[in-house]
Amino acid sequence: MKIGLDVGSTTMKCVVLDDMMQVLHTDYRRHYSQIAETACTMLTDIKEICAGHPTKFALSGSAGMGLAQNLNLPFVQEVYATRIAITRFLPHTDVVIELGGEDAKILFLSQNMEVRMNGTCAGGTGSFIDQMASLLHVDQMELNELAKQAKQSYSIASRCGVFAKSDIQPLVNQGAEKSDISLSVLQSVVNQSIGGLAQGRPIKGQVVYLGGPLTFLSELRKSFDKTLGLEGICPENSLYYVALGTALSADEQDIKLDELIFNLEHYDTGKAFTSILPLFEDPEAYEAFKGRHAKATLTKIDPTNYSGPAFLGVDAGSTTIKACIIDPEGRLLYSRYEANNGNPVQAIKEFLGNFYTSYPHITIEKSCSTGYGEHLLQNAFAFEYSLVETMAHYKSAKTFQRDVDFIIDIGGQDIKCFKIKDGTIDDIFLNEACSSGCGSFLQTFSNALGYSPQEAAALAIKAKNPVDLGSRCTVFMNSSVKQAQKDGASVSDIFAGLAISVVKNALYKVIRSTDPAMLGKHIVVQGGTFLNDAVLRSFETELGSEVIRIHEAGLMGAYGCALHARDQHHKVPQQRTTLSLTQLEHFTHRTKTTYCKGCTNNCLLTINIFDEGRKLVSGNKCDRIVSPDTFINNPEQLNIYAFKQQYFAHLKARKGERGKIGLPLQLNFYEQLPFWHTFFSHLGFEVVVSSPSTRETYLKGQSTISSDTICYPAKLMHGHIKDLLEKQVPTIFYPCSSYNIDEEKGDNHFNCPVVAYYPEVLRHNISELEDGSVTFISDYLSLADRAFLPKRMHQVLSQYYPVKKQEIKAAVKAGYASLETYQKAIREQGNLIIEQARKRNWPIMVLAGRPYHADAEVNHGIDGLLLQCSCAVISEDAIAHLVEKQPRKVLNQWTYHARMYDAARYVTGQDDMQLIQLVSFGCGLDAVTSDEIRDILRKTDKIYTQIKIDEIANLGAVKIRIRSLLAALQEAKEQR
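Mapped onto my numbering, the consecutive letters of the sequence shown carry residue numbers 1431 to 2406.
Hint data in this document are derived by calculation from the structure and do not stem from the laboratory. There's no promise every hint is true.
[Stated by the list, open to error] Label pairs and their computed distance ranges (CB to CB):
id : residue 1 : residue 2 : range
1  : Ala2357   : Thr1727   : 37 to 45 Å
2  : Phe2218   : Leu2312   : 24 to 32 Å
3  : Glu1972   : Tyr1462   : 28 to 36 Å
4  : Val2320   : Pro1521   : 53 to 61 Å
5  : Gln2067   : Gly2114   : 46 to 54 Å
[What the hints assert, rightly or not] Straight-line C-alpha distance at most 25 Å; calculated BS3-like pairs for lysine-lysine:
id : residue 1 : residue 2
6  : Lys1720   : Lys1892
7  : Lys2001   : Lys2090
8  : Lys1720   : Lys1828
9  : Lys1849   : Lys2369
10 : Lys1939   : Lys1851
11 : Lys1535   : Lys1656
12 : Lys1720   : Lys1535
13 : Lys1934   : Lys1894
We put the CB at the ideal spot given by N, CA and C, even for glycine.
With the hints as constraints, model all of the structure from the sequences given.
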């Protein structure tokens, strides 16, 4: 007999083989981190099968090594075990795709054998699918069934669960169908596997699917098949291939099963983890803490004893719904705080219905909404007002601390922090595309360990040895938590460590504070996460000072909305529109989706339709169809990004005697296109430019992307090369270029490493470039040296074409002239936009980034969003030339960065300008740039705003950030 035990990150699999290597027994269980106990149970179940037979045993799996080492058991590496099993049962396999609970791997078995595995991130695995299913309030199998009914899919982050939540939650709040979201989740797993694991190596031939998710989820297999263009095999015992290979490899001496079971029953690792001081020294310290915070509470009155006008505030959060009804004096009459269960509309319908029925003597005069579902609820229930979240939280904080100078709100998926100076918001911090360190972060772990968030908080308070978990995101933290359990940490120690990690994430990753004591003297904390006493205590301890937490911390956004409704009612009286009880009884809500035909964007619109003709359309990048009265017909007059896009669109190809040459419109070509287009046209080439970027561009090249962490513009370059290949150009020109043009703004004039050398990456990952199917000219050259460039271009092009030095010299001269004409046009258009904006009294937003951030697919329409908010848009290259060079504290050696620094300096002297920095997610250089730009702006009263962008197009969080900035500016204006 041979026993193979596969101890995975979340499950355990056991296989028993007889002497003929036939499968006698299989078992599959979740171990909930109780590894020794689960192994003991599974082995006890097979005692009868193995009785009287010599038995060999081996362990494998990501969580099995510690057990093997401590009990001196044979261990087989899981990849090797999989290969052994595949070789025996499916010998003609070319590629194995195996997805586990937190592990994902691709084995390439033909030609050069290679394995690609995920690192410490569990994105695109079983736990990822679990998290996404729980967000939709279904299990994995229900998610699979829903996916069968899908009509379309959305773009969802595939890196990890917390990124995906940030994409899924707005879709839920906008009314998107669960079936469509379910299919999108499964497709995101496919994208993660192909983009994150295969990393450019083609998946072809006979493909085998292994592991729980691919075994149980038929729609996941179909998504793989469709994307890969093949039909994979999910064999019998696909769950057990690691265990099978482990059993086949069990060749050491026989074991005594009873003795192994005894050792497992008495298995103890002791305390082997790093701990920190407990949150409270003793119960008395905790009681004093509770007593101090109990003093800050809203004044309440009994609604049964009140009659008259009232005001409603609703905060439709990412995971919860909060509602407050107050009287004209701001006293709390009625409130609710509960999970939205993916349907905030139904939750508020029930809330209003119950209130109207219970308290007919109270009249809701005005209502206001905020949060993720702000506009959905405003349209659904005809609320009179809506308010951006940051201002709602500020209004409520001021009622408790008039001289508040710092507010932090930690919600389900977002962190909002703002500094207050002279009674107005001076700086805003929001977490980026990731919801790590928020309420859902804690909820995910408490649920995974079998506790409610409230129970987890109570246990954390009593922890004697909180685990030092650092500040990592949810899926990274999974590994740390499981390791801590294996090392002997109690559940209370883990919950305390998680609470501390939330605080560290907020302070050091969102606020990016170097000294927490500098945040302010009067700090108010809000949001449901701060109802967790462990989080609150951790925050005060890390800060080294006491803060104010209102007893109803989770209601503060709703309470601020109710105050706003009251204030607006008195300030600008208007007719009441909030639905009455009679109207609620006839309330209806349905959703549908359609593709907008207004322009070439073809936006996927979600239309929420309510009774009496009310509706909300979301998903649009412009107002052409949705709100034609606010649509700008000539956006280039107020938006420099639109001007740049139109400028490039007008560069037309003409037939040339030397044939076609292709230019990919991305990275540095997004600025240098006028030069190269003119240069090659002058030499007699027909210049074929790749089509403007779209989501399809990314998908075309996805399978050739060798790094999942490279910036989105670089990922798009793969698709642009594929587009040129589809256009059948015989030659593609994309040179390496260490240096940019020297604009005499910095200490040097480098391109960033990605821009400089990405042609090398493309050559080695796109087979057509490597095998010579097309001529790929990627020689090293630079536009920096005007005198040397003609000579260098002759050296390069004469290898492929019979070109003369004189004609190249003339072409180079024409190219520079064309580039200078373009740069002059940008500056002149920038001046016109500034002039137009000032005539309209619009704020001017300098959307500062790199030239390729003007690409509509890269920026996802952020420029258009600003236009919808009545803001004019210019770019850094339209104004950077207006200030003289100045030394910087950082190494200022990149051309694009130097422009942004000077643009920021110019903005500080303009009352009607603000700077918003666009940062590509994963850009290491921008970490330095953003700090420097922040420092430049903070020397004046300017608010630094940063927006991180990647392949995910949902602009919900971006809109909050922009509206927060505009609201802060308006507040400051009113104060003056």
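Verification of the hints:
no.: 1; hint: Ala2357 x Thr1727: 37 to 45 Å; verdict: holds, 41 Å
no.: 2; hint: Phe2218 x Leu2312: 24 to 32 Å; verdict: holds, 30 Å
no.: 3; hint: Glu1972 x Tyr1462: 28 to 36 Å; verdict: holds, 31 Å
no.: 4; hint: Val2320 x Pro1521: 53 to 61 Å; verdict: holds, 57 Å
no.: 5; hint: Gln2067 x Gly2114: 46 to 54 Å; verdict: violated, 37 Å
no.: 6; hint: Lys1720 x Lys1892; verdict: holds, 14 Å
no.: 7; hint: Lys2001 x Lys2090; verdict: violated, 66 Å
no.: 8; hint: Lys1720 x Lys1828; verdict: holds, 22 Å
no.: 9; hint: Lys1849 x Lys2369; verdict: holds, 15 Å
no.: 10; hint: Lys1939 x Lys1851; verdict: holds, 22 Å
no.: 11; hint: Lys1535 x Lys1656; verdict: holds, 19 Å
no.: 12; hint: Lys1720 x Lys1535; verdict: violated, 48 Å
no.: 13; hint: Lys1934 x Lys1894; verdict: holds, 20 Å
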